[in-house]
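**Q** Generate coordinates for the entire structure from the input sequences, incorporating the hints supplied.
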Amino acid sequence: MILYGIPTCDTCKKAIRTLEAAGRDVTFRDIRKDPLSEAEIQEIVTEFGERAINKQSTSYRAFSDFLKASEPEAQIAAQPTVMKRPLIRDGVSWTIGWDEAIESRLTAG
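Here the sequence shown is numbered in numbering that gives the first Met the number 0, starting from 0 and rising by one per residue.
Read the hints as simulated data drawn from the structure, not as lab findings. Hints may be right or wrong, so weigh each one.
[Stated by the list, open to error] Lysine to aspartate or glutamate pairs mimicking EDC-like chemistry, simulated, CA-CA at most 20 angstroms apart:
id : residue 1 : residue 2
1  : K12       : D33
2  : K83       : E70
3  : K12       : E37
4  : K83       : E102
5  : K83       : E42
6  : K83       : D9
7  : K32       : D9
8  : K12       : D98
9  : K54       : D64
10 : K12       : E102
11 : K12       : D24
12 : K13       : D24
13 : K83       : E99
14 : K83       : E72
15 : K83       : E49
16 : K12       : D29
17 : K12       : E99
18 : K13       : E102
19 : K67       : E37
20 : K13       : E99
[To be verified] Computed beta-carbon distance windows for the label pairs:
id : residue 1 : residue 2 : range
21 : D24       : G96       : 15 to 25 angstroms
22 : A68       : R31       : 16 to 26 angstroms
23 : M0        : F65       : 29 to 39 angstroms
24 : A107      : L66       : 19 to 29 angstroms
25 : I101      : E49       : 34 to 44 angstroms
26 : A107      : D64       : 27 to 37 angstroms
27 : E19       : R60       : 13 to 23 angstroms
28 : S69       : E46       : 14 to 24 angstroms
29 : A100      : D64       : 31 to 41 angstroms
30 : K13       : Q55       : 14 to 24 angstroms
31 : E99       : A68       : 31 to 41 angstroms
32 : A107      : A68       : 35 to 45 angstroms
33 : A77       : A21       : 13 to 23 angstroms
34 : R31       : S92       : 35 to 45 angstroms
Small disclaimer: the values here were computed from a predicted structure and weren't measured. The beta carbon of each residue, even a glycine, is placed where N, CA and C say it ideally should be.
**A** In structure tokens:
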């Protein structure tokens, strides 16, 4: 399981702690230090579309009007921290965000 995020994100830290406590093997990928490839960005946007973008984030609010009107791929490529977090890949399955339903699904079995 790979969790994509940034080390200062409290939700990412909580998700990692919870998953590891449930016995899941979690690899953390810092999207600032190890940016997503174009193919990875495309896969994420294909899976989640506009939902991949956190429009309440400081990163998004700092975007120019041009970048705000751009496609999600361009937004993530320009500033990876605009992506909603955590983004979790478990095999071929993707999950975005962290709530009780996601926690239950990813910690089961």
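**Q** Are the hints correct? Go through all of them and say.
**A** Results for each hint:
{"no.": "1", "hint": "K12 x D33", "verdict": "holds, 17 angstroms"}
{"no.": "2", "hint": "K83 x E70", "verdict": "holds, 15 angstroms"}
{"no.": "3", "hint": "K12 x E37", "verdict": "violated, 26 angstroms"}
{"no.": "4", "hint": "K83 x E102", "verdict": "holds, 16 angstroms"}
{"no.": "5", "hint": "K83 x E42", "verdict": "holds, 15 angstroms"}
{"no.": "6", "hint": "K83 x D9", "verdict": "holds, 13 angstroms"}
{"no.": "7", "hint": "K32 x D9", "verdict": "holds, 18 angstroms"}
{"no.": "8", "hint": "K12 x D98", "verdict": "holds, 13 angstroms"}
{"no.": "9", "hint": "K54 x D64", "verdict": "holds, 13 angstroms"}
{"no.": "10", "hint": "K12 x E102", "verdict": "holds, 13 angstroms"}
{"no.": "11", "hint": "K12 x D24", "verdict": "holds, 14 angstroms"}
{"no.": "12", "hint": "K13 x D24", "verdict": "holds, 15 angstroms"}
{"no.": "13", "hint": "K83 x E99", "verdict": "holds, 17 angstroms"}
{"no.": "14", "hint": "K83 x E72", "verdict": "holds, 13 angstroms"}
{"no.": "15", "hint": "K83 x E49", "verdict": "holds, 10 angstroms"}
{"no.": "16", "hint": "K12 x D29", "verdict": "holds, 12 angstroms"}
{"no.": "17", "hint": "K12 x E99", "verdict": "holds, 15 angstroms"}
{"no.": "18", "hint": "K13 x E102", "verdict": "holds, 10 angstroms"}
{"no.": "19", "hint": "K67 x E37", "verdict": "holds, 19 angstroms"}
{"no.": "20", "hint": "K13 x E99", "verdict": "holds, 12 angstroms"}
{"no.": "21", "hint": "D24 x G96: 15 to 25 angstroms", "verdict": "holds, 21 angstroms"}
{"no.": "22", "hint": "A68 x R31: 16 to 26 angstroms", "verdict": "holds, 24 angstroms"}
{"no.": "23", "hint": "M0 x F65: 29 to 39 angstroms", "verdict": "holds, 36 angstroms"}
{"no.": "24", "hint": "A107 x L66: 19 to 29 angstroms", "verdict": "violated, 39 angstroms"}
{"no.": "25", "hint": "I101 x E49: 34 to 44 angstroms", "verdict": "violated, 19 angstroms"}
{"no.": "26", "hint": "A107 x D64: 27 to 37 angstroms", "verdict": "violated, 43 angstroms"}
{"no.": "27", "hint": "E19 x R60: 13 to 23 angstroms", "verdict": "violated, 32 angstroms"}
{"no.": "28", "hint": "S69 x E46: 14 to 24 angstroms", "verdict": "holds, 19 angstroms"}
{"no.": "29", "hint": "A100 x D64: 31 to 41 angstroms", "verdict": "holds, 35 angstroms"}
{"no.": "30", "hint": "K13 x Q55: 14 to 24 angstroms", "verdict": "holds, 18 angstroms"}
{"no.": "31", "hint": "E99 x A68: 31 to 41 angstroms", "verdict": "holds, 34 angstroms"}
{"no.": "32", "hint": "A107 x A68: 35 to 45 angstroms", "verdict": "holds, 40 angstroms"}
{"no.": "33", "hint": "A77 x A21: 13 to 23 angstroms", "verdict": "violated, 35 angstroms"}
{"no.": "34", "hint": "R31 x S92: 35 to 45 angstroms", "verdict": "violated, 24 angstroms"}
Checked against the numbered hints given earlier, the structure breaks hints 3, 24, 25, 26, 27, 33 and 34 and satisfies all the rest.
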